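Q: The lines below spell out each chain.
2 protein chains.
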Amino acid sequence: MIPIADNLHIMNPIIANALKERDPVPLKKTAEHCRNVNAYAMDINLGPLKHNAEEVITFVIETVQETFEGRLLLDSVQSEVLEAGITACRKPPIINGFSLEKAKLTAILPLADKYQTEIIGFLINEQGQVPLRAEERLEVASQLVTKAEERGVSLERVIIDPVLVPLSWQDGARYNRELLEVINLLPQFFAKSIRTIAGLSNLGAGSPDRATRATVEANFILMLAAAKLDFILMDVTQKSNLDALNLSHLLLGEKVFTWEEVKS
Amino acid sequence: MIPIADNLHIMNPIIANALKERDPVPLKKTAEHCRNVNAYAMDINLGPLKHNAEEVITFVIETVQETFEGRLLLDSVQSEVLEAGITACRKPPIINGFSLEKAKLTAILPLADKYQTEIIGFLINEQGQVPLRAEERLEVASQLVTKAEERGVSLERVIIDPVLVPLSWQDGARYNRELLEVINLLPQFFAKSIRTIAGLSNLGAGSPDRATRATVEANFILMLAAAKLDFILMDVTQKSNLDALNLSHLLLGEKVFTWEEVKS
Numbered sequence: 001m002i003p004i005a006d007n008l009h010i011m012n013p014i015i016a017n018a019l020k021e022r023d024p025v026p027l028k029k030t031a032e033h034c035r036n037v038n039a040y041a042m043d044i045n046l047g048p049l050k051h052n053a054e055e056v057i058t059f060v061i062e063t064v065q066e067t068f069e070g071r072l073l074l075d076s077v078q079s080e081v082l083e084a085g086i087t088a089c090r091k092p093p094i095i096n097g098f099s100l101e102k103a104k105l106t107a108i109l110p111l112a113d114k115y116q117t118e119i120i121g122f123l124i125n126e127q128g129q130v131p132l133r134a135e136e137r138l139e140v141a142s143q144l145v146t147k148a149e150e151r152g153v154s155l156e157r158v159i160i161d162p163v164l165v166p167l168s169w170q171d172g173a174r175y176n177r178e179l180l181e182v183i184n185l186l187p188q189f190f191a192k193s194i195r196t197i198a199g200l201s202n203l204g205a206g207s208p209d210r211a212t213r214a215t216v217e218a219n220f221i222l223m224l225a226a227a228k229l230d231f232i233l234m235d236v237t238q239k240s241n242l243d244a245l246n247l248s249h250l251l252l253g254e255k256v257f258t259w260e261e262v263k264s
Numbered sequence: 265m266i267p268i269a270d271n272l273h274i275m276n277p278i279i280a281n282a283l284k285e286r287d288p289v290p291l292k293k294t295a296e297h298c299r300n301v302n303a304y305a306m307d308i309n310l311g312p313l314k315h316n317a318e319e320v321i322t323f324v325i326e327t328v329q330e331t332f333e334g335r336l337l338l339d340s341v342q343s344e345v346l347e348a349g350i351t352a353c354r355k356p357p358i359i360n361g362f363s364l365e366k367a368k369l370t371a372i373l374p375l376a377d378k379y380q381t382e383i384i385g386f387l388i389n390e391q392g393q394v395p396l397r398a399e400e401r402l403e404v405a406s407q408l409v410t411k412a413e414e415r416g417v418s419l420e421r422v423i424i425d426p427v428l429v430p431l432s433w434q435d436g437a438r439y440n441r442e443l444l445e446v447i448n449l450l451p452q453f454f455a456k457s458i459r460t461i462a463g464l465s466n467l468g469a470g471s472p473d474r475a476t477r478a479t480v481e482a483n484f485i486l487m488l489a490a491a492k493l494d495f496i497l498m499d500v501t502q503k504s505n506l507d508a509l510n511l512s513h514l515l516l517g518e519k520v521f522t523w524e525e526v527k528s
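Heads up: the protein sequence lines correspond to chains A and B, in order. Reminder that position 89 of the first sequence reads as 89 in the working numbering, one-by-one numbering, no gaps. Reminder that position 125 of the second sequence reads as 389 in the working numbering, one-by-one numbering, no gaps.
If you're looking for bench data, these hints aren't it; they were derived computationally from the structure. Misleading hints may appear alongside valid ones.
Claimed, not checked - Each computed DSS-like pair below joins lysine-lysine, with the alpha-carbon atoms no more than 30 angstroms apart:
#	chain 1	residue 1	chain 2	residue 2
1	A	K239	B	K284
2	A	K192	A	K239
3	A	K192	B	K314
4	A	K20	A	K228
5	A	K239	B	K519
6	B	K366	B	K292
7	A	K263	B	K492
8	B	K293	A	K192
9	A	K192	A	K29
10	B	K527	B	K293
11	A	K228	B	K314
12	A	K114	A	K192
13	A	K114	A	K91
14	A	K263	B	K284
15	B	K355	B	K503
16	B	K378	A	K263
17	B	K503	B	K492
18	A	K228	B	K292
19	B	K503	A	K255
20	A	K28	A	K102
21	A	K91	A	K263
22	A	K228	A	K255
23	B	K355	A	K228
24	B	K314	A	K239
25	A	K102	A	K114
26	B	K366	B	K293
27	A	K102	A	K91
28	B	K293	A	K228
29	B	K503	B	K527
30	A	K255	B	K378
31	A	K239	B	K503
32	B	K503	A	K228
To be verified - Computed footprint of chain A on chain B, listed as stretches where at least three residues anywhere in the stretch have a Cβ under 8 angstroms from a Cβ of chain A:
#	segment
33	266 to 277
34	311 to 317
35	428 to 437
36	508 to 514
What the hints assert, rightly or not - Not close to chain B: a few residues of chain A, all C-beta gaps over 12 angstroms, as computed:
#	residue
37	E83
38	K147
39	R177
Remember, predicted model here, so these are calculated numbers, not experimental data. Think of the CB as a built atom: it goes at the ideal place given N, C-alpha and C, for glycine as much as any other residue.
So that you can see chain A by itself, here it is in the shape it has in the complex (with noise of 0.2 angstroms):
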């Protein structure tokens, strides 16, 4: 399980500020840390841009990009944010990402097409929801891809995203649980490798504290691991989360188990 970093993001207030001030530091730091933590990529979110949108995303990548060397995911549900974040990339960039939703298959969906990107396909259906069973996520992960396929896209360029949901939604965890299964299932579905995002930050959304969130996350870390996910959107900050990512590898032999490791 391969870890992407979600920490560039409008939510968090030193972003924010960072971003109205064009202030580079803040932004510097963050790449900073996910260079020295080994992500593969980081995700840019900037949230709805209303001024200047194509400078505002092209200084954030720029930026980023003078300290930090691994890929990005350009996270944005503006067509023309994207196409300059695209420009802007030394790497080839991830888009992040498409839907059944109309909006996202008119607009979105085509950019992976027109500049030869990887895009990340939500399991959300028309009508902007997260079905609960895995049969008929399934059925949405049918759609996407063949409405990908039409568009140019082929399946080897999608990255299928489940959602997952905040444990506090009514049914939080069975909905998890059903996702899970999907990430499990969509291999043999497609009866050729897909690869699999998931956002862990939207897990513990409306905890009570940073520590019951922080025990909430890396356990299910071990869980998605156990699932066969190919990446994980994550807090890269979070220490233990780093400590779960690096303890499914032991456990799951993806790098050489000895004790120490497990100790440090």
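Mind docking chain B on chain A? Use the hints.
A: Chain B in isolation, oriented as in the chain A frame:
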């Protein structure tokens, strides 16, 4: 995932001494602990018994049953011990267990028919070995179930143990990665629900200290739960194991989710 205690084991010096002295107190204490943590069952493993085998197993079972009202797993390779044990059990026992090894097929498996009990089937081949790859293990599972059915033991009465191995084995982590795969695949492989069990205490054999062992056990509990293992045989005196099991129940919606439960 349902907990079964592996604490009544001859490798525990307190238990070994209690057997030698016919001292019921340590047996009762173990049984009391298993009752207090709501273990579904207790595994009774007295090792090979040379003298007074039937009397010893009867003594243990009668003592344990005074305190523990759950079910018992009878863990022995001696058919006379199993028969005496089955006769002493108040609740339906589970025989633990058989494999494709000839001695097990001829001496152990028939007891499940004779006494109409459930029986655990280890995914161990005729040569007494655990296959590495999931497909090989499924082939062993298929042969096991065929042998059981030939002997009058239906699929519903077989519980499959895909054999968790020590991380300290060469390729131990790879073996256990395949084990998770097998647990996931077994239900659809048999096109109906078949139950699974795994023994956790093997995992940390050879660990340098108790804390390291506790870490790998707790984390692997989450992975086994994600793979939808039915029964976990484990040390129920280890609080971190109980905490991990409780978290797995919360995260998978197997008990009502509250943040208070996560914190407790």
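Q: Holds or violated: are the alpha carbons of K192 (chain A) and K239 (chain A) at most 30 angstroms from each other?
A: violated, 34 angstroms
Q: Compare the distance between the alpha carbons of K91 (chain A) and K263 (chain A) with 30 angstroms, and conclude whether the hinted pair is satisfied.
A: With Cα atoms ~36 angstroms apart, K91 (chain A) and K263 (chain A) exceed 30 angstroms; violated.
Q: Taken at face value, is the distance from the CA of K29 (chain A) to the CA of K192 (chain A) at most 30 angstroms?
A: violated, 39 angstroms
Q: Does K91 (chain A) sit within 30 angstroms of K102 (chain A), going by the straight-line distance between their CA atoms?
A: holds, 29 angstroms
Q: For the pair supplied as a hint, K114 (chain A) and K91 (chain A), is the alpha-carbon distance within the 30 angstroms limit?
A: The hint holds at about 16 angstroms.
Q: Holds or violated: K378 (chain B) with K263 (chain A), Cα cutoff 30 angstroms?
A: Between K378 (chain B) and K263 (chain A) the Cα gap is close to 49 angstroms, so the pair fails against 30 angstroms, i.e. violated.
Q: For the pair supplied as a hint, K228 (chain A) and K255 (chain A), confirm whether the alpha-carbon distance does not exceed 30 angstroms.
A: Between K228 (chain A) and K255 (chain A) the Cα gap is close to 15 angstroms, so the pair holds against 30 angstroms.
Q: CA of K503 (chain B) to CA of K228 (chain A), is that 30 angstroms or under?
A: Roughly 28 angstroms between the alpha carbons, so the hint for K503 (chain B) and K228 (chain A) holds.
Q: So if I understand the rule, the pair passes when the alpha-carbon distance is 30 angstroms or less; does K239 (chain A) with K503 (chain B) pass?
A: Between K239 (chain A) and K503 (chain B) the Cα gap is close to 23 angstroms, so the pair holds against 30 angstroms.
Q: Say whether it holds or is violated: R177 (chain A) keeps its Cβ farther than 12 angstroms from all Cβ of chain B.
A: R177 (chain A) is in fact no farther than 12 angstroms from some Cβ atom of chain B, at 5 angstroms.
Q: Does the structure keep K228 (chain A) and K292 (chain B) at a Cα separation of 30 angstroms or less?
A: violated, 42 angstroms
Q: Hint check: K355 (chain B) vs K228 (chain A), CA-CA at most 30 angstroms. Holds or violated?
A: violated, 39 angstroms
Comparing the model with each earlier hint shows violations of hints 1, 2, 3, 4, 6, 8, 9, 11, 14, 16, 18, 20, 21, 23, 24, 26, 28, 30, 33, 34, 39; every other hint is respected.
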